[in-house]
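**Student:** Chains as they are written, first to last, in the numbering used here: chain A, -2 to 223; chain B, 45 to 250.
No lab work stands behind these hints: they were computed from the structure. Be careful, since some hints might not be right.
With a Cα cut of at most 30 Å, we get these calculated DSS-like pairs of lysine-lysine [as the list claims (entries may be wrong)]:
| id | chain 1 | residue 1 | chain 2 | residue 2 |
| --- | --- | --- | --- | --- |
| 1 | B | LYS117 | B | LYS241 |
| 2 | A | LYS44 | B | LYS117 |
| 3 | B | LYS119 | B | LYS59 |
| 4 | B | LYS61 | B | LYS85 |
| 5 | B | LYS191 | A | LYS44 |
| 6 | B | LYS241 | B | LYS225 |
| 7 | A | LYS44 | B | LYS241 |
| 8 | B | LYS241 | B | LYS191 |
| 9 | A | LYS44 | B | LYS225 |
| 10 | B | LYS59 | B | LYS183 |
| 11 | B | LYS183 | B | LYS225 |
| 12 | B | LYS59 | B | LYS117 |
Not everything, but these chain A residues come out facing chain B in the computed CB check (under 8 Å) [claimed, not checked]:
| id | residue |
| --- | --- |
| 13 | ALA14 |
| 14 | ALA27 |
| 15 | ALA59 |
| 16 | SER64 |
Built from N, CA and C at the ideal position, the CB exists for glycine as well.
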Amino acid sequence: LNEELNMNTTLSEDFEALLHAYVDGEVTEAERARVENERSANPDIQKKIEEIESLRVLAAEAFSSASSEVDLGGVYDGIMSRIADEDPDAQTQDPTTRSLIEGVIASFKAMFSVERPLIGFGAAACMVAAIALFVWSPGQETTSPPSSPSVANHSPVPSKGARRGMELEGRLTGSVEKLQIAEGITRVEFADDPDTPMVVWHEIEGETEDNAVNAQPDASNESRGL
Amino acid sequence: VAANQAEERQARALKDKALIAGFVEGDTRAFRSLVEHYQRKVYTIAHGILRNHEDSMDVVQDVFVKVHRHLPKFKGDSSFYTWLYRIVVNLCIDRKRRAAKARMVDYDDTRAQTPDESRGATTLATTHLDGPARALDRKELRQQMNKALDMLSDSHRKILVLREIEGLSYEELADVLELAKGTVMSRLFHARQNFQKAFQSAQANG
């Protein structure tokens, strides 16, 4: 104890502060040399250095013990929720989801762009074929209730109807707005541009006017089918 | 140890820079990475200053909401983590001011030591850390450490947590705490001394 007292009486505050900086690795070369000279000459300084090192460990332990077991699992979601509340335009959407949606949109744009007419027509043909298959469902039993105004229930040629021949006109740039069947022709209108509606003609063999009228889909069928 | 910490911080700074660039370009995964890497550090600093779980959790959210808002304008003059820690410290100070809570004990940097205090401080490490620390019940030791932290002033807790947990250099401490480098050295020295005394007092009072 006396030694410790003596040590403290001989160590100035400035020198003690320097010892802390030495332990922290924050001294100049000259200061380092000074501390190490003193250290080799005075064993109390060595003890003091060890004490500072122990104190650092204790302080780190004191701070980290309070936080090491705290559950921070929901922090990110909470942050993003707050950001979305405070600024709805903020970029909070997960890029995985965004990139999927954007990817699909980009693919469709690319497919239907005028720069790639062949692919556009091919894609349009596939789309019309899919629409026609859904509308006509030739030779297949429907599972819809009879009272439903489903297009499939009004298939003009339930057992023998065949889809054959396909002619496309124009290009596809938007979603289907109207589906009309008349005089053996299925007419699909795309509502991308009201001034120049996109039209796809699809001829169905065996179509009759009566059937075509019956096959007029209502809005609910159209939206569901597409 | 200091050299290793410096290397780790340098590597981390490079990684942060890449994540920030990703975030600015629209990759929210980059922001998520930043949050997930720093949220516990932010919590630890906030808790180190505020000493309250709920307040610290609020600060964690406040900090990252602020980071999200201002990150596109972050110039990168300093490293991201020093910028982040400055936000943490400032938000904690704001919160403390708003709450206007009385601090339990405020040890001033310039307070003179009495011989008794010096004697106690000197014997602490050898008497209470090496041997008995292992023998003490862990929970009891934790309580004593928490009491000791509660007894420190905000300014001492701030500098201690940033140095001992985050390993900031004196220059970074000066940057985050907006102090002169010489003041950092002096304040850290006094903060450790006071922590040592506070810990001893907590042990003496059971």
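**Student:** Indicate, hint by hint, whether the structure satisfies it.
**Tutor:** Structure-based check of all given hints:
1. Our distance criterion of 30 Å between C-alpha atoms is broken by B/LYS117 and B/LYS241, whose separation comes to about 43 Å.
2. With a C-alpha separation of about 49 Å, the suggested pair A/LYS44 and B/LYS117 falls outside the 30 Å cut-off, and the hint is violated.
3. Between B/LYS119 and B/LYS59 the alpha-carbon distance is near 16 Å, which keeps this suggested pair within the 30 Å criterion.
4. With a CA separation close to 18 Å, the supplied pair B/LYS61 and B/LYS85 stays within the 30 Å bound.
5. Proposed proximity of B/LYS191 and A/LYS44 is supported: the alpha carbons are some 26 Å apart, at most 30 Å.
6. Between B/LYS241 and B/LYS225, the direct Cα distance comes to roughly 25 Å. Compliance with the 30 Å bound is thereby established for this hinted pair.
7. Of the supplied pair hints, the one linking A/LYS44 and B/LYS241 holds, its CA atoms being roughly 18 Å apart against a limit of 30 Å.
8. Proposed proximity of B/LYS241 and B/LYS191 is supported: the alpha carbons are some 11 Å apart, at most 30 Å.
9. About 26 Å separates the Cα atoms of A/LYS44 and B/LYS225, which keeps this hinted pair within 30 Å; it holds.
10. With a CA separation close to 37 Å, the supplied pair B/LYS59 and B/LYS183 exceeds the 30 Å bound.
11. With a C-alpha separation of about 37 Å, the suggested pair B/LYS183 and B/LYS225 falls outside the 30 Å cut-off, and the hint is violated.
12. Restraint check: the Cα-Cα separation between B/LYS59 and B/LYS117 comes to about 18 Å, which is no more than 30 Å; the hinted pair holds.
13. Below 8 Å, beta-carbon pairs count as interface contacts, and A/ALA14 has one with chain B at about 4 Å; its hint therefore holds.
14. The beta carbon of A/ALA27 comes no nearer than 15 Å to any beta carbon in chain B, farther than 8 Å, and the hint placing it at the interface is violated.
15. The closest approach between the C-beta of A/ALA59 and any C-beta of chain B is roughly 4 Å, which is under the 8 Å cut-off, so the hint is satisfied.
16. Interface hint at A/SER64: satisfied, since its Cβ lies 4 Å from the closest Cβ of chain B, which is below the 8 Å cut-off.
The structure is inconsistent with the numbered hints 1, 2, 10, 11 and 14, although it conforms to all the rest.
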